[in-house]
Amino acid sequence: MSDRQAVRRSRSEIGVRVVWFLCALFAVITIFFIFAFLFYDAYPIFEEIGVWNFLSGSVWNPTGFPPAYGIYSLIVATLLATFLAMAIAIPLGIGSAIYIAELAPYRVKAWVKPAVELLAGIPSVVFGFFGLVVLTTWIRVSFDVPTGETWLAGSILLAIMALPTIISVAEDAISSAPREYKEGSLALGATHWQTISRVLTPAALSGITAAIILGIGRAAGETMAVLMVTGNAPVIPDPIWDVLSPIRTLTGTLGIEMGEVPVGSTHYHALFGVAVVLLVITLIINFSATIILNRIKRQQAPPASTGIPRRFPLTGWMERQGIFFRAHRTPILWGLMAVVLFAFFGLTGLGIALVLYLAVRYIPGRISPRWAQRIAFSLAALCIVVVLLALGIILYDILTKGLPYISWEFLTEPPSNLGRSGGILPAIVGTMYLVMGSIAIALPIGIGAAIYLTEYTSEGRLVGIIRTATDLLNGTPSIVFGLFGFAFLVIYLSFGVSLIAGQITLALMVLPTIIRTTEEALKTVPVPVREGSLALGASKWQTIRRVVLPPSVPGILTGTILSIGRVAGETAPILFTAVVFSTRFLPSSLFEPVMALPYHLYILATNVPNATGQQYATAVVLLGIVIAFYAIAIVIRHRSSVKYRW
Amino acid sequence: MAESSRRFTYAILGLAAVLIIAVLAAGCTQQPGDGQKTTLKVTGSTTVLPIAQAAADAYMDDHPMTDIQVAGGGSSVGVQSVGEGTADIGMSSRELKAEEKTRYPDLQSTVVASDGIAIIVNKANTVSGLTLVQLRGIYNGTITNWKAVGGPDQVIVVVGRDSASGTREFFWESVMKKENFTATQLEKNSNGAIRQTIVQTPGAIGYVGLGYIDAEVRAVPIMVNGTPVDATVATVLSGKYPISRPLLMITQGPPSGVAKSYLDFILSPAGQKIVTGEGFVPVA
Chain A
1 MSDRQAVRRS RSEIGVRVVW FLCALFAVIT IFFIFAFLFY DAYPIFEEIG
51 VWNFLSGSVW NPTGFPPAYG IYSLIVATLL ATFLAMAIAI PLGIGSAIYI
101 AELAPYRVKA WVKPAVELLA GIPSVVFGFF GLVVLTTWIR VSFDVPTGET
151 WLAGSILLAI MALPTIISVA EDAISSAPRE YKEGSLALGA THWQTISRVL
201 TPAALSGITA AIILGIGRAA GETMAVLMVT GNAPVIPDPI WDVLSPIRTL
251 TGTLGIEMGE VPVGSTHYHA LFGVAVVLLV ITLIINFSAT IILNRIKRQQ
301 APPASTGIPR RFPLTGWMER QGIFFRAHRT PILWGLMAVV LFAFFGLTGL
351 GIALVLYLAV RYIPGRISPR WAQRIAFSLA ALCIVVVLLA LGIILYDILT
401 KGLPYISWEF LTEPPSNLGR SGGILPAIVG TMYLVMGSIA IALPIGIGAA
451 IYLTEYTSEG RLVGIIRTAT DLLNGTPSIV FGLFGFAFLV IYLSFGVSLI
501 AGQITLALMV LPTIIRTTEE ALKTVPVPVR EGSLALGASK WQTIRRVVLP
551 PSVPGILTGT ILSIGRVAGE TAPILFTAVV FSTRFLPSSL FEPVMALPYH
601 LYILATNVPN ATGQQYATAV VLLGIVIAFY AIAIVIRHRS SVKYRW
Chain B
1001 MAESSRRFTY AILGLAAVLI IAVLAAGCTQ QPGDGQKTTL KVTGSTTVLP
1051 IAQAAADAYM DDHPMTDIQV AGGGSSVGVQ SVGEGTADIG MSSRELKAEE
1101 KTRYPDLQST VVASDGIAII VNKANTVSGL TLVQLRGIYN GTITNWKAVG
1151 GPDQVIVVVG RDSASGTREF FWESVMKKEN FTATQLEKNS NGAIRQTIVQ
1201 TPGAIGYVGL GYIDAEVRAV PIMVNGTPVD ATVATVLSGK YPISRPLLMI
1251 TQGPPSGVAK SYLDFILSPA GQKIVTGEGF VPVA
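Chains as they are written, first to last, in this note's numbering: chain A, 1 to 646; chain B, 1001 to 1284.
I should point out that these hints are in silico values taken from the structure, not numbers from a laboratory. Any given hint could be a false lead.
[What the hints assert, rightly or not] Just so you have them, the derived chain A footprint on chain B, three or more residues with Cβ under 8 Å:
no.: 1; stretch: 1066 to 1074
no.: 2; stretch: 1118 to 1125
no.: 3; stretch: 1168 to 1179
no.: 4; stretch: 1184 to 1192
[As the list claims (entries may be wrong)] Negatives, chain A to chain B, calculated, CB over 10 Å:
no.: 5; residue: I14
no.: 6; residue: F65
no.: 7; residue: L132
no.: 8; residue: P202
no.: 9; residue: Q373
no.: 10; residue: Y456
no.: 11; residue: V580
no.: 12; residue: I627
Computed from a prediction, not measured in an experiment: that's the story for all the values here. Glycine is no exception: its CB is placed at the ideal position from the N, C-alpha and C atoms.
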């Protein structure tokens, strides 16, 4: 290699690096802009009634006399809904992930895994409509309450919606744990279950962390389904564990009121205030999740600690607490659980805690590892059955009610008579444009950012900031993206309600999903492989392009699949940025509004009487499109998944 | 590795192809006669939206070069949009407020229909009629059981519209006399969502436009001076039914051009037939 070539090569290396750096920085810039614009539009309400009054006021009645802008009950409701949803979804999700990754026979796995991924594409509006019709009735009848529109209904729906995300990502993580770990454990005589619970799951903890954080992000920020089933009464459950009380979340408030307030009114600013609070809450959830899980990771990374403090001397209060916690971990955790169960179910809960404690304390010693394995495996299988059953019921409901209304005319004609007749062609085309545009924007930036984060940096301060920004962006509720898109793209940049505003808004929303999944994929490529390539004289970029990226393609595609599903089905971000109720014309430029399938479905379900058949048919078409996208990606992934086993 | 890197290249190429096709497709959606298309933007009340959309459909059938874009957003948004000039016609289900009149002095309203607000309950509910005072009691939380108003012994589930709704504002002024709603009221952001809840909740009560009454819900008669008055087009038209309001289309100054032609169509016999067909009360 001549000197000149070397110089050129190092220049292009630097160029490549700068490009990826800018991609990574994009997340930081975006989150900054979101904060700036939301806060700018929220400031008048803080000034008018005071931050404390806004947060602690218990009455939300913006059009009452006098108007009241207190969001305390909305904050409490958001936390409660997310908490209960995660209590349901995390055990089910991880159980299912273990089943798919380790226990499922090959043929079952070949069906179940894509099925779960496909289900991530069911739009939230469909969940909401199903929940409103079926779930709330079930709750009202079986718990004998006046109305089934409750906290419980919202949390169950949120749990179902978060499950595909949690399962897919956790399963990827467990599957990509190094094979030697498993072989080593089995060779030492551990049972399969011992290997899973003590070796593979801890090894996959980083990925499972990602799965849970993604799941929380989805649950805390979900709007459309929640607002359709929780009743939206701005009250705090009384008593606080009354899961059968109606609640009104922050997102629900934005979803039902934002579309109908005049720009610049006090009510308008109050809603931006709600969005700021929502953003701060999701930020706190994300931060605490990250911190807690990092601690667990640190504890488990070295050979499992036996409660003996590893580090002396004590350096401070935190350290002492940490050691105290480690030494008394079991009683503290059990005590905590007992308190929680007691809070929710009273004395019965305390009984449950006691039975569970005795079971866990005394049974494992008495039953053989073989039986422990049988029980654990049955539970994991039960998880996946519950998940598939719940999702199967929803699909069955949609398909049986929607398919009879699908015809060639329905697919190829514009709507007439408010969507009660005619077809949905403009909505199909609009959704396709939104999906393609947003993926075209988000994919290059997301992959670039992930490459920069995993390949070019060690964990420094800047990377920390970028990673935090990505996490924040992930936790940002979709409705907040909608508000940001409205304030920044539609109003400030005067794009108007347009295709391009919707595409950019959706792209920002899926960016963190793409970054995270790509990062996870890149991380599974072992370091020695990179070192080998570099040792052979390949440049950094050559190594990444030829050695690191190819085996990561399946993982990146998984992220893209999840993103497409989300983009196609989301209503909240396009509600105020891109959609129009009905148009006969396809958009002829990026600056025209479009129809979109999820919005069309939402409008049919809530504003047009006597259009049930068209609603379900629209849902079927939406599912069909998502499934088509998914199928293509799954096929590509399958074909490119040459067995990379390190 | 050569193999895998080729696969990667293919994946990238495939992706690029999809994107290029998407961009091309976006460029190719030229409408026939794209050049002379005139656009009319109609924005505002979701109550008026069905009339505007159905009329727009019929109008566009006769005028294929006109694109009428109808969007929701609520009465306040409708007034603001037409006042700021971002829409040609604003739809409103309430009269202009004083502050709106001072802010946009040139706005002119055209009444295109009237709307009766029906009080609906579950089919199984046996309550025979409600006075306006009882209705207010139910919505402000002082009456909580159907027994108190001559119905079954059942807890009342109060369902209403969200606080940005023009219908709620009208209900609040005309029925509630500006008293606050009970905090446990379930809030829905559309007539359809209220109806859906009423259908599946035995103890529920809600208010919707006349067009949303069907066999699955029961409209409760309002007692006026001791006689029950059903919510129908006829009773609203005769003025007997006490909860009704005009529906407006608002323009900047007197309507002109396409906007005038479209409004004239709505006020014509054919247009008013559409109004009746959507379950509203005609004005002409």
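Here is what the structure says about each hint:
| no. | hint | result |
| --- | --- | --- |
| 1 | 1066 to 1074 | holds (count 7) |
| 2 | 1118 to 1125 | violated (count 0) |
| 3 | 1168 to 1179 | holds (count 4) |
| 4 | 1184 to 1192 | holds (count 9) |
| 5 | I14 | holds (22 Å) |
| 6 | F65 | violated (5 Å) |
| 7 | L132 | violated (6 Å) |
| 8 | P202 | holds (30 Å) |
| 9 | Q373 | holds (37 Å) |
| 10 | Y456 | holds (19 Å) |
| 11 | V580 | violated (5 Å) |
| 12 | I627 | holds (17 Å) |
When each numbered hint is compared with the structure, violations occur for hints 2, 6, 7, 11.
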